[in-house]
Amino acid sequence: MIDLSYTPEHRALRSEAREWLAKNVPSDPLPSMDTAEGFAAHRVWEAKLNEGRWGMVNWPEEYGGRGANLIEWLIFEEEYWRAGSPGRVNQNGIFLLGPTLMEYGTAEQKARFLPRMASGEEIWAQGWSEPNAGSDMAAIRASARIDGDHFVLNGQKTWASRAAFADWLFGMFRTDPDSERHRGLTFILVPLDLDGITVRPISQLDGETGFAEIFFDEVRVPIENQLGERDKGWSVAMATAGFERGLMLRSPARFQATAARLVELYRRHADEADPSLRDAVARAWMGAEAYCLNTYQTASRLMQGGSIGAEASLNKIFWSELDLSMHETALAILESRAELLPHASAAGDVGGWLDGVLFSLAGPIYAGTNEIQRNVIAERVLGLPRA
Amino acid sequence: MQFTFTEDQNLFRDSLRPLLEKHCTPESIRALWDDERGRSTERWAALASSGLLGVLVPESHGGLGMNELDLVLPLEETGRVALPEPVVETAAVAAPLLAECGNEELAGRWLPAIASGEAVVTVAGHINPAVADAGDADLVLIERAGEIAAVERAALKTERQPTSDPSRRLYTFEITGDATTVASGDEAQAMMQRAADRAALAIAAQQLGITARLIELAVDYAKDRHQFGKPIGSFQAIKHHLANVAVKLEFARPMVYRAAHSIATDSPNRTIDVSQAKAMADEAACAAAKTALQVHGAIGYTWEVDLHLWMKRAWALESSWGSRLYHRRRVADAVLRERGGPSFGFEAVGTTQA
Chain A
15 MIDLSYTPEH RALRSEAREW LAKNVPSDPL PSMDTAEGFA AHRVWEAKLN
65 EGRWGMVNWP EEYGGRGANL IEWLIFEEEY WRAGSPGRVN QNGIFLLGPT
115 LMEYGTAEQK ARFLPRMASG EEIWAQGWSE PNAGSDMAAI RASARIDGDH
165 FVLNGQKTWA SRAAFADWLF GMFRTDPDSE RHRGLTFILV PLDLDGITVR
215 PISQLDGETG FAEIFFDEVR VPIENQLGER DKGWSVAMAT AGFERGLMLR
265 SPARFQATAA RLVELYRRHA DEADPSLRDA VARAWMGAEA YCLNTYQTAS
315 RLMQGGSIGA EASLNKIFWS ELDLSMHETA LAILESRAEL LPHASAAGDV
365 GGWLDGVLFS LAGPIYAGTN EIQRNVIAER VLGLPRA
Chain B
29 MQFTFTEDQN LFRDSLRPLL EKHCTPESIR ALWDDERGRS TERWAALASS
79 GLLGVLVPES HGGLGMNELD LVLPLEETGR VALPEPVVET AAVAAPLLAE
129 CGNEELAGRW LPAIASGEAV VTVAGHINPA VADAGDADLV LIERAGEIAA
179 VERAALKTER QPTSDPSRRL YTFEITGDAT TVASGDEAQA MMQRAADRAA
229 LAIAAQQLGI TARLIELAVD YAKDRHQFGK PIGSFQAIKH HLANVAVKLE
279 FARPMVYRAA HSIATDSPNR TIDVSQAKAM ADEAACAAAK TALQVHGAIG
329 YTWEVDLHLW MKRAWALESS WGSRLYHRRR VADAVLRERG GPSFGFEAVG
379 TTQA
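Line by line, the protein sequences are chains A and B.
FYI, in the numbering used here the residues of the first sequence are 15 to 401.
FYI, in the numbering used here the residues of the second sequence are 29 to 382.
Bear in mind the hints are in silico, worked out from the structure with no lab data behind them.
Mixed in with the good hints there might be a few duds.
To be verified - A few chain A residues that don't get close to chain B, going by computed Cβ distances all over 12 angstroms:
#, residue
1, Lys37
2, Asn239
3, Lys246
4, Arg281
5, Glu286
6, Glu349
What the hints assert, rightly or not - Example chain B residues on the side facing chain A (calculated, C-beta under 8 angstroms, incomplete):
#, residue
7, Gln30
8, Phe33
9, Arg58
10, Leu60
11, Ile155
12, Gln264
13, Ala274
14, Met308
15, Val363
To be verified - Here are some, though not all, of the chain A residues that point toward chain B, as calculated from beta-carbon distances under 10 angstroms:
#, residue
16, Tyr20
17, Ala82
18, Ala304
19, Glu335
20, Leu338
Computed from a prediction, not measured in an experiment: that's the story for all the values here.
We treat Cβ as the ideally placed atom computed from N, Cα and C, and that holds for glycine.
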């Protein structure tokens, strides 16, 4: 049934989160997590969150969570973004690998990795893309040879977010040298401080070293670091991709917070802003609202035992394009000040909008480009034939 | 907090689909295009027997006594088959207006007739210059000069206004006889606002069904039609066009369902929720219409192919009871009016971050 009201327990959780966040969210924004200094500051914040048991509220208590359901998690997220809290530096760990570990990990792996993930002690990077395996992820060539009780890794990964500072990497490696495409791949968990690993930071559009390429030269990783079955890594990775495209990585509240800031910005500039921007602001508001409603609907379905499949691709297109268009609207409102960096003396209320534009421009590219998502929708949701 | 339909609500939808597919085929729709009345008595009777016309009629007046959440999925189905008859006006707008008007005589006379399919009742809001089915309705509820009046067919002179969708029947009218005042003053205004909200919601629901059907038609055609030795649906250009429409539909849907909930629970955000639903459903339907035509190519541009049944309906409904621009303007007005406007989602996420 459709009952869009919160229970007293929901309200209690909301006020507890609101109170804790009001007390603990740093009053000044942390430096960018794509710098060494900012990365360290965000790690401290993760530890603080974990102390309050807010690191991953929907995880079981034994892994540092509160055993909350998805609706409760959404409520926490609403409060989190409403409070202007820092971004989650361990998002690849907590939102992508975490849920994948719960589904495919052994009991030992869960106990070993999840608590340290929730606390920010171990921050994860994703090692999927290679120079010649981007949208075509099945073209992965980095290899893992078996040698006794170890994998021996060779090859190169790239575009790994925050790998310049991260502690661990989850990656896809070809374990069957005779295999092709999506067969013969294995999902392996790799500490980034091993001998034979070279991490080379890459400066991104904003000049910061947000991502990195990683070279593997005869790197020995214990065999127990395999996640899921040998040579069947593709299906494990697809589960992770589902979380990445869907509601875990991008909960609606962050877009609602952006839309709310956009409304404030427009109100401040209503007198001089171009009248056509009113409609753009209304569209932004509606988009954030629609994404929220869709997510509550999906959460309800999942709580009744449903699952997410290719529909996650619908989500990914929607939030990435919404995010970009909201930021573009903000720049349009700022008009000729839009190119000023926030510390320019004439910047006024330019704030983080330009940074936000640069960040949101990555959205249609990462987690599988939107062109790939459209193929997935066409073939697996609509049933059109493969090329 | 739960955002899924009940099993009964889904079952009602499922049982309605074959009935509509049987009684509302493209052939049967085309057969009435040149008919002045343009309406099927037999189809209307089938709708009545399904219970659809009486969903919002109180049980005391022979209806099912349900609410908009029970009606929204069935309305979607009526869009899916491009139903020509005025189910929006009669079942979704006139019935609840009569049920809440406080005139027992009027309600007692017309509500049982709506539920049984004996009467067609339409509603004339000032937002629409011409009124759907006014020339064929037994009763028209009219918004005029600060009041709502009920006028029977004999007391109306109507003039048909030709429309692009040959199934639509729009009329301008003059009142030439007796009019009963249903409500006046603030009460009339509030009642008419609720009626307009219900109409926009009902149309938004139909637009969802129209969008879904247009996607199906285009997908079927793209699988079947071969060029360069392959089905055209295997080309990315076609895939991406259709995927874009699927995204619009996916995110319009929960907006429409939430608006149904807001009307059913008389939420203070009702009007803005409805506007968001209508704007997004119109957007999806119009994108689906344009895309389905492009996917079909020249054959879709012909009178013979049924595609235009849904295309023209999407355009017609977009302009009815407020276009998407009108509704987005209302959203902008509400959101930008003052601090602390309507809240996001179901509870304020807050609008104070600088």
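Evaluated hints:
1. Lys37: The assertion about A:Lys37 holds, with a minimum of 16 angstroms to chain B.
2. Asn239: 37 angstroms, holds
3. Lys246: 28 angstroms, holds
4. Arg281: 6 angstroms, violated
5. Glu286: 14 angstroms, holds
6. Glu349: 18 angstroms, holds
7. Gln30: 5 angstroms, holds
8. Phe33: 7 angstroms, holds
9. Arg58: The hint is violated - B:Arg58 has no Cβ within 8 angstroms of chain A, the shortest such distance being about 27 angstroms.
10. Leu60: Hint violated; B:Leu60 Cβ to chain A Cβ min 32 angstroms, cut 8 angstroms.
11. Ile155: 19 angstroms, violated
12. Gln264: Cβ of B:Gln264 sits 7 angstroms from chain A, so the hint holds.
13. Ala274: Result: holds, 5 angstroms to nearest chain A Cβ.
14. Met308: Holds, about 6 angstroms.
15. Val363: Check passed: Cβ of B:Val363 comes within 5 angstroms of chain A, closer than 8 angstroms.
16. Tyr20: 6 angstroms, holds
17. Ala82: Hint on A:Ala82: violated, closest Cβ of chain B at ~13 angstroms, above 10 angstroms.
18. Ala304: 4 angstroms, holds
19. Glu335: 8 angstroms, holds
20. Leu338: 14 angstroms, violated
Consistency with the previously given hints fails for numbers 4, 9, 10, 11, 17, 20, ordered from lowest to highest.
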